[in-house]
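Enquirer: In case you want the letters, here they are:
2 protein chains.
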Amino acid sequence: MLKLYDSTLSGNAYKVRLFLALLDIEYRKIPVDLRAGENREAEFLARNPRGQIPVLEDGETVVWDSQAILLYLARRYGGEAWLPLDPAPMARVAQWLAVSENELLFGLARARAVKKFGRAFDLKACQEYGIGGLKVLDEQLENQDWLAAGRPTIADVACYPYVALAPEGEIPLGGWTNVLGWIRRVQSLPGYVGMEGIADQG
Amino acid sequence: MLKLYDSTLSGNAYKVRLFLALLDIEYRKIPVDLRAGENREAEFLARNPRGQIPVLEDGETVVWDSQAILLYLARRYGGEAWLPLDPAPMARVAQWLAVSENELLFGLARARAVKKFGRAFDLKACQEYGIGGLKVLDEQLENQDWLAAGRPTIADVACYPYVALAPEGEIPLGGWTNVLGWIRRVQSLPGYVGMEGIADQG
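Protein chains in written order, with the working numbering: chain V, 1 to 202; chain H, 1001 to 1202.
Any given hint could turn out to be false.
Per the computed footprint, the stretches of chain H lying under chain V, defined by three or more beta-carbons under 8 Å from a beta-carbon of chain V, are [said to hold, decoys possible]:
no., stretch
1, 1048–1061
2, 1107–1119
3, 1188–1194
Result set (BS3-like, lysine-lysine): computed pairs, CA atoms no more than 27 Å apart in a straight line [stated by the list, open to error]:
no., chain 1, residue 1, chain 2, residue 2
4, H, 1115, V, 124
5, H, 1116, H, 1029
6, V, 29, V, 116
7, H, 1116, H, 1135
8, V, 124, H, 1116
9, V, 124, V, 135
10, V, 124, H, 1124
11, V, 115, V, 135
12, H, 1135, H, 1115
13, H, 1124, H, 1135
14, V, 115, H, 1003
15, V, 116, H, 1124
16, V, 116, V, 135
17, V, 29, V, 3
18, H, 1003, H, 1029
So these bits of chain V aren't anywhere near chain H, every CB distance computed over 12 Å [stated by the list, open to error]:
no., residue
19, 1
20, 3
21, 8
22, 33
23, 43
24, 45
25, 50
26, 51
27, 64
28, 75
29, 87
30, 94
31, 99
32, 176
33, 193
34, 199
The hints are simulated quantities; they were obtained by calculation from the structure and are not laboratory data. Glycine included, every Cβ here is placed at the ideal spot set by N, Cα and C.
Okay, chain V solo, but in the shape it has when bound (with noise of 0.2 Å):
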């Protein structure tokens, strides 16, 4: 069965537990303690030199970083559903992970960081940043459902969790009607699980 190193409250390590219930994957979880520092230990580094959680392991093969592990979720037991594989298509979708991964990650969930977990990032300039990866996003959701095709992929799997816990970071999103909806579409979906901090917009 798969293993996936976890923590509850991580955004990176939702994205994976969101997809594996998506793709309706069984899995265990091995929740690693963040504030007693398991993730610096050297059992754990031998897993990821990062020290980072997610980490899944599937039998022989380990894999870090939650958008690697997405990428290898959806290529191992996808098909091309979550992952079209010809090159438009394909970097439509990268196009949106890059969103996940600079204005998300480093704008609303560093905001997020600082309110929920006291890190020392600058508020203000992170909200500024992630507020630009909202618009964005609300630009692109303006005339079609899903972001990079005409069905949810990966993409939307990596942008959700961050802007659905925007509002932790103190940044509202009653603002954005195009991704109020597209959050209702993913929650939505078949086999949904949610996690802490994300508010039901059904």
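The hints should help you fit chain H onto chain V, whose structure is shown.
Expert: Showing chain H alone in chain V's frame:
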């Protein structure tokens, strides 16, 4: 012919210039004057809503974001040479793309942006974050020539620019022996092109 919306001093644009050179693909550079704000004009925003270079045009296909462009070019023109499609090797490439988007971009590249362009990031925090990335790269390159496979992949192309430019952010590379060997190997690839600020390690 391919068109690349470009800026000479951008390490992200250089990722694409380097990969196009390695693939031996002709293209036309279209310089975008960032200081004059050309990237914020409506005509440019229609190509890339984030207002950033690089942007690639290949006939009707428009791709923004450097990593998305690398994926696009690898899929469209490189077969599986630069991007393996099997789940585990593809995930290994994606892991190093993630390091490139995280520690290298928000560490090394931001430190360089402070020193070279006067940007208002926390220099010390960026340097520390970037050095964490160099450490992980150096360990990975201890026993292998390339980051993600037995040959160069887009992982190497994505990571190389801001590593090689790190000294411009006052992050010396002298102590990172394995990284320096890898830089030499990248610089020896057929078709390699450099950019201003990258020292020849030959």
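Enquirer: Determine for every hint whether it applies to the structure shown.
Expert: How the hints compare with the structure:
no., hint, result
1, 1048–1061, "holds (count 3)"
2, 1107–1119, "violated (count 0)"
3, 1188–1194, "violated (count 0)"
4, 1115(H) x 124(V), "holds, 22 Å"
5, 1116(H) x 1029(H), "holds, 23 Å"
6, 29(V) x 116(V), "holds, 23 Å"
7, 1116(H) x 1135(H), "holds, 23 Å"
8, 124(V) x 1116(H), "holds, 24 Å"
9, 124(V) x 135(V), "holds, 16 Å"
10, 124(V) x 1124(H), "holds, 19 Å"
11, 115(V) x 135(V), "holds, 22 Å"
12, 1135(H) x 1115(H), "holds, 22 Å"
13, 1124(H) x 1135(H), "holds, 16 Å"
14, 115(V) x 1003(H), "violated, 43 Å"
15, 116(V) x 1124(H), "holds, 24 Å"
16, 116(V) x 135(V), "holds, 23 Å"
17, 29(V) x 3(V), "holds, 6 Å"
18, 1003(H) x 1029(H), "holds, 6 Å"
19, 1, "holds, 17 Å"
20, 3, "holds, 15 Å"
21, 8, "holds, 22 Å"
22, 33, "holds, 21 Å"
23, 43, "holds, 16 Å"
24, 45, "violated, 10 Å"
25, 50, "violated, 6 Å"
26, 51, "violated, 9 Å"
27, 64, "violated, 6 Å"
28, 75, "violated, 4 Å"
29, 87, "violated, 4 Å"
30, 94, "violated, 4 Å"
31, 99, "violated, 8 Å"
32, 176, "holds, 14 Å"
33, 193, "holds, 23 Å"
34, 199, "holds, 26 Å"
Hint compliance for this structure: hints 2, 3, 14, 24, 25, 26, 27, 28, 29, 30, 31 are not met, and every other hint is.
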